[in-house]
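4 protein chains.
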Amino acid sequence: MTITDRTVPGLGTTSDLGDLVALGCRVLAYRGLAEDILGHISVRTAGDELLVRCRGPQERGLLFTGSDDVHAVSLDGESEMPVGFSAPNELPIHTEILRARPDVQAVVHVHPPAVVAADLAGLPLRPIVGAYNIPAMRMAQEGVPTYPRGVLINRPELGQDVARALGDRSVCILRGHGIVATGDSVEQAVVRALNLDALARMTLQANSFGTTPPELSAEDVSAMPDLGSAFNDAQVWAYNVSRLQLAGLADPL
Amino acid sequence: MTITDRTVPGLGTTSDLGDLVALGCRVLAYRGLAEDILGHISVRTAGDELLVRCRGPQERGLLFTGSDDVHAVSLDGESEMPVGFSAPNELPIHTEILRARPDVQAVVHVHPPAVVAADLAGLPLRPIVGAYNIPAMRMAQEGVPTYPRGVLINRPELGQDVARALGDRSVCILRGHGIVATGDSVEQAVVRALNLDALARMTLQANSFGTTPPELSAEDVSAMPDLGSAFNDAQVWAYNVSRLQLAGLADPL
Amino acid sequence: MTITDRTVPGLGTTSDLGDLVALGCRVLAYRGLAEDILGHISVRTAGDELLVRCRGPQERGLLFTGSDDVHAVSLDGESEMPVGFSAPNELPIHTEILRARPDVQAVVHVHPPAVVAADLAGLPLRPIVGAYNIPAMRMAQEGVPTYPRGVLINRPELGQDVARALGDRSVCILRGHGIVATGDSVEQAVVRALNLDALARMTLQANSFGTTPPELSAEDVSAMPDLGSAFNDAQVWAYNVSRLQLAGLADPL
Amino acid sequence: MTITDRTVPGLGTTSDLGDLVALGCRVLAYRGLAEDILGHISVRTAGDELLVRCRGPQERGLLFTGSDDVHAVSLDGESEMPVGFSAPNELPIHTEILRARPDVQAVVHVHPPAVVAADLAGLPLRPIVGAYNIPAMRMAQEGVPTYPRGVLINRPELGQDVARALGDRSVCILRGHGIVATGDSVEQAVVRALNLDALARMTLQANSFGTTPPELSAEDVSAMPDLGSAFNDAQVWAYNVSRLQLAGLADPL
Numbered sequence: 001m002t003i004t005d006r007t008v009p010g011l012g013t014t015s016d017l018g019d020l021v022a023l024g025c026r027v028l029a030y031r032g033l034a035e036d037i038l039g040h041i042s043v044r045t046a047g048d049e050l051l052v053r054c055r056g057p058q059e060r061g062l063l064f065t066g067s068d069d070v071h072a073v074s075l076d077g078e079s080e081m082p083v084g085f086s087a088p089n090e091l092p093i094h095t096e097i098l099r100a101r102p103d104v105q106a107v108v109h110v111h112p113p114a115v116v117a118a119d120l121a122g123l124p125l126r127p128i129v130g131a132y133n134i135p136a137m138r139m140a141q142e143g144v145p146t147y148p149r150g151v152l153i154n155r156p157e158l159g160q161d162v163a164r165a166l167g168d169r170s171v172c173i174l175r176g177h178g179i180v181a182t183g184d185s186v187e188q189a190v191v192r193a194l195n196l197d198a199l200a201r202m203t204l205q206a207n208s209f210g211t212t213p214p215e216l217s218a219e220d221v222s223a224m225p226d227l228g229s230a231f232n233d234a235q236v237w238a239y240n241v242s243r244l245q246l247a248g249l250a251d252p253l
Numbered sequence: 001m002t003i004t005d006r007t008v009p010g011l012g013t014t015s016d017l018g019d020l021v022a023l024g025c026r027v028l029a030y031r032g033l034a035e036d037i038l039g040h041i042s043v044r045t046a047g048d049e050l051l052v053r054c055r056g057p058q059e060r061g062l063l064f065t066g067s068d069d070v071h072a073v074s075l076d077g078e079s080e081m082p083v084g085f086s087a088p089n090e091l092p093i094h095t096e097i098l099r100a101r102p103d104v105q106a107v108v109h110v111h112p113p114a115v116v117a118a119d120l121a122g123l124p125l126r127p128i129v130g131a132y133n134i135p136a137m138r139m140a141q142e143g144v145p146t147y148p149r150g151v152l153i154n155r156p157e158l159g160q161d162v163a164r165a166l167g168d169r170s171v172c173i174l175r176g177h178g179i180v181a182t183g184d185s186v187e188q189a190v191v192r193a194l195n196l197d198a199l200a201r202m203t204l205q206a207n208s209f210g211t212t213p214p215e216l217s218a219e220d221v222s223a224m225p226d227l228g229s230a231f232n233d234a235q236v237w238a239y240n241v242s243r244l245q246l247a248g249l250a251d252p253l
Numbered sequence: 001m002t003i004t005d006r007t008v009p010g011l012g013t014t015s016d017l018g019d020l021v022a023l024g025c026r027v028l029a030y031r032g033l034a035e036d037i038l039g040h041i042s043v044r045t046a047g048d049e050l051l052v053r054c055r056g057p058q059e060r061g062l063l064f065t066g067s068d069d070v071h072a073v074s075l076d077g078e079s080e081m082p083v084g085f086s087a088p089n090e091l092p093i094h095t096e097i098l099r100a101r102p103d104v105q106a107v108v109h110v111h112p113p114a115v116v117a118a119d120l121a122g123l124p125l126r127p128i129v130g131a132y133n134i135p136a137m138r139m140a141q142e143g144v145p146t147y148p149r150g151v152l153i154n155r156p157e158l159g160q161d162v163a164r165a166l167g168d169r170s171v172c173i174l175r176g177h178g179i180v181a182t183g184d185s186v187e188q189a190v191v192r193a194l195n196l197d198a199l200a201r202m203t204l205q206a207n208s209f210g211t212t213p214p215e216l217s218a219e220d221v222s223a224m225p226d227l228g229s230a231f232n233d234a235q236v237w238a239y240n241v242s243r244l245q246l247a248g249l250a251d252p253l
Numbered sequence: 001m002t003i004t005d006r007t008v009p010g011l012g013t014t015s016d017l018g019d020l021v022a023l024g025c026r027v028l029a030y031r032g033l034a035e036d037i038l039g040h041i042s043v044r045t046a047g048d049e050l051l052v053r054c055r056g057p058q059e060r061g062l063l064f065t066g067s068d069d070v071h072a073v074s075l076d077g078e079s080e081m082p083v084g085f086s087a088p089n090e091l092p093i094h095t096e097i098l099r100a101r102p103d104v105q106a107v108v109h110v111h112p113p114a115v116v117a118a119d120l121a122g123l124p125l126r127p128i129v130g131a132y133n134i135p136a137m138r139m140a141q142e143g144v145p146t147y148p149r150g151v152l153i154n155r156p157e158l159g160q161d162v163a164r165a166l167g168d169r170s171v172c173i174l175r176g177h178g179i180v181a182t183g184d185s186v187e188q189a190v191v192r193a194l195n196l197d198a199l200a201r202m203t204l205q206a207n208s209f210g211t212t213p214p215e216l217s218a219e220d221v222s223a224m225p226d227l228g229s230a231f232n233d234a235q236v237w238a239y240n241v242s243r244l245q246l247a248g249l250a251d252p253l
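Protein chains in written order, with our numbering: chain A, 1 to 253; chain B, 1 to 253; chain C, 1 to 253; chain D, 1 to 253.
Treat the hints with care, since some could be wrong.
To be verified - Which bits of chain C does chain D cover? Going by a derived footprint, with three or more residues having C-beta under 8 Å, they are:
#1 25–37
#2 60–72
#3 138–151
#4 212–218
Hint data in this document are derived by calculation from the structure and do not stem from the laboratory. Where a beta carbon is used, it is the ideal one built from N, C-alpha and C, also for glycine.
Looking at chain A on its own, in the form it has when it is part of the complex (with noise of 0.2 Å):
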């Protein structure tokens, strides 16, 4: 498993999964990308099982996730849970993609309403962004994938046809739905969804007039950086870790 450098500014070395899994689901509600109570993180670890944000007794939504809602589960959707909590309807979101993708480590499941509606307006996500967020462009550019079905993915065969929506990409739009958004360690799943998002209020905001956005020329998609994933990941990954804690919600874990 590669995972990125722990360290968190301000929060001193986080060795602990699970605080890492309850952290990015604080990030992504403060942000805009989980209403209410719907969504979820996992991460793979060693033993081939998963830890995934569960629901408990004391369930208050993903703004206020505590490392205690984070729980292990098996590939195969087995657990032994304090009473009181149980795994995700959808967990066979995260279980078919960690089975069918050895290379991600971590997968997020939100509702991004920007994302929502690009995709029920019938915009495409197109690489009409460059250094505005590079990662967003390259994500862009290879093509973001949708997986046409709004229902509820709470069966492993209905997991499965998302996997397969998802292939070989990082993240992938679900209709009526969601996202998925994956990634080699938690801060990288989370900081995509976060690009995923901020890719699609642009698309939103630039299409509003009737026009159609160029596109980024070959030549610009050529000459543009991988600037890596300490800067990419990990340091806006810091950014909005810094903003949970300036609103009071980075402590306690």
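Assemble chains B, C and D onto chain A, guided by the hints.
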């Protein structure tokens, strides 16, 4: 009377219906469904009475509702209130719906801008979302009725007109005015108002580009489970109460 | 001079008009009607004078207005201010409206983006809402006049032009610039500015889809009661002051 | 070097240019012009050097910039920084503009979504506002140039291209990327970025209805006074610093 679980995480067990009405008013205002001072919530009590958010000598708007703003009124509008308090001008919305709908225990009336705008723009609230918000999908599939007049509902006959427009549905749009949402508890009525608002916001955004967003397929609609009120209502309520707490708005009632 | 009840819940009785002017500036800025440092409020006092929000050596924008930013000026623009303070460049807006309209006691000038945008887009403010906001409906029904120039109103002749454009109405749009709102009190002028802004925001949203929102019927207009200034102005004012308090912006003046 | 008055109300006299750069970064991020970690400010110092916002080992985004993130670099990009710090990838934006424009003392580079969206939508920034925002009107009247490539400006040749696109103007749009704003002080460059953003937001909103907003008349343009940098820049800066203070973001630097 079937009221859902009153346990509000972080607030202890609440048995006082007046506290629930006050909290519900704050939630609706905090989430942007009730600008300024307009709107109210009622809940049926034993003895053919209702508790309703009134206006008092220290009126400061729905966001700052206290338990002492909530008073008992009979279905005929009779009450004995402390000096300076009066029932809302639009009390007939509450009394006539509670009279016409024995299954309804609580009634919300607020002015969500997105719902009013979508109706004025001629945009019907169709089932364009699925798992994004299942209760909103069901509302849209059943059809959201509209009461076509913009008048103040300050007479029993007008309240009866609104009750007729509502029919057997859970929510109703009042054109150029606001909405009515009903439930078997304060929590359910409040959360249904939030869901209607979420549907309207998505409808506005997805219809901004001259395309018609696709509806959920019949197959997907029929595959959608009912996750139950403990999930759909109580947990979303707990999330919203937690947001009030974070904002310094939950204490004291 | 008829000034509405000065009792501000939570702040005790306020007899100082300067405090009201300062609070009103903060309310308008907090609600997004006055970006940065631009805008001011005036109120007529005994002796043919007005109190007006001035600029001083510690100018920090409308959101941070203090009572000591408010100074007396004659209708001819003469004043004796502390060193470093000066009347607004656009003082003639206030003096000429107060001169032309003996019924007006207070004048607001701010730059609400939604009102300016609706006017630039050619969208008239029509009575599309009813009970959503009755005072806004009345404004729209009477017709909201527009002063068609975008110049700075820094000479008496320009102030007279604005007063003529305002005529006998309560509010006026200044194209590419902002608005003027008047009232028989600071509170009423501020709340009218808020209502005009609410109407413009609804107009923008309801007109975004190529359809023309229906106007309220004549029958509904004539059925609409006047709920009075204690309800329409004083309670909305109290709500807004409470929001300032919650935001840490009400104390000290 | 002509730097405007350094007296920042509430913060005492600030003579440290590094503090100003840090504060400016926070202002831009707080006002929504710089999402996440991207963007920077530079200021020319004596001795043919600049101070520029760098990236360090505790990078947490522009909103959390500290004085210790600001370091000296020569116009040739040479520097001696503490371990772990590095100049921005896009340092050539700063060095080449400062080299080409001896009149410029400070350079801002950020990614305001509204400006990028308006450009992608093909909406020119025209002088549609007057007294709403006089400096924005002047910018629009002079014409806001666009650099048409979306590439990362990480080589001197690209920085020279941007400087050429900027020409003798105060601001420049970088397509699919962001903006450059210049000034004779950090404060002026920051406030110009804010004004450009305000103009873009108004342009987006006023162009949403298929109509073309009217431009200010030549007569009104020529009647518009220059209120001076103490008013246009220093007071707007003081307002923005006060907002940081209210948000708990001004101390410590």
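| query | Taking 8 Å as the C-beta cutoff, is the stated coverage of the segment 60–72 of chain C by chain D satisfied by three or more residues? | reply | holds (count 4)
| Given as covered by chain D, does the segment 212–218 of chain C meet the bar of three residues or more with CB within less than 8 Å? | With 0 residues in contact (Cβ-Cβ under 8 Å with chain D), the coverage given for the segment 212–218 of chain C is violated.
| said: Count the residues of the segment 138–151 of chain C whose Cβ falls closer than 8 Å to any Cβ of chain D, and tell me whether that reaches three. | reply: holds (count 3)
| How about the segment 25–37 of chain C: do at least three of its residues have a C-beta closer than 8 Å to a C-beta of chain D? | Since 3 is at least three, the answer is holds.
Hint compliance for this structure: hint 4 alone is broken.
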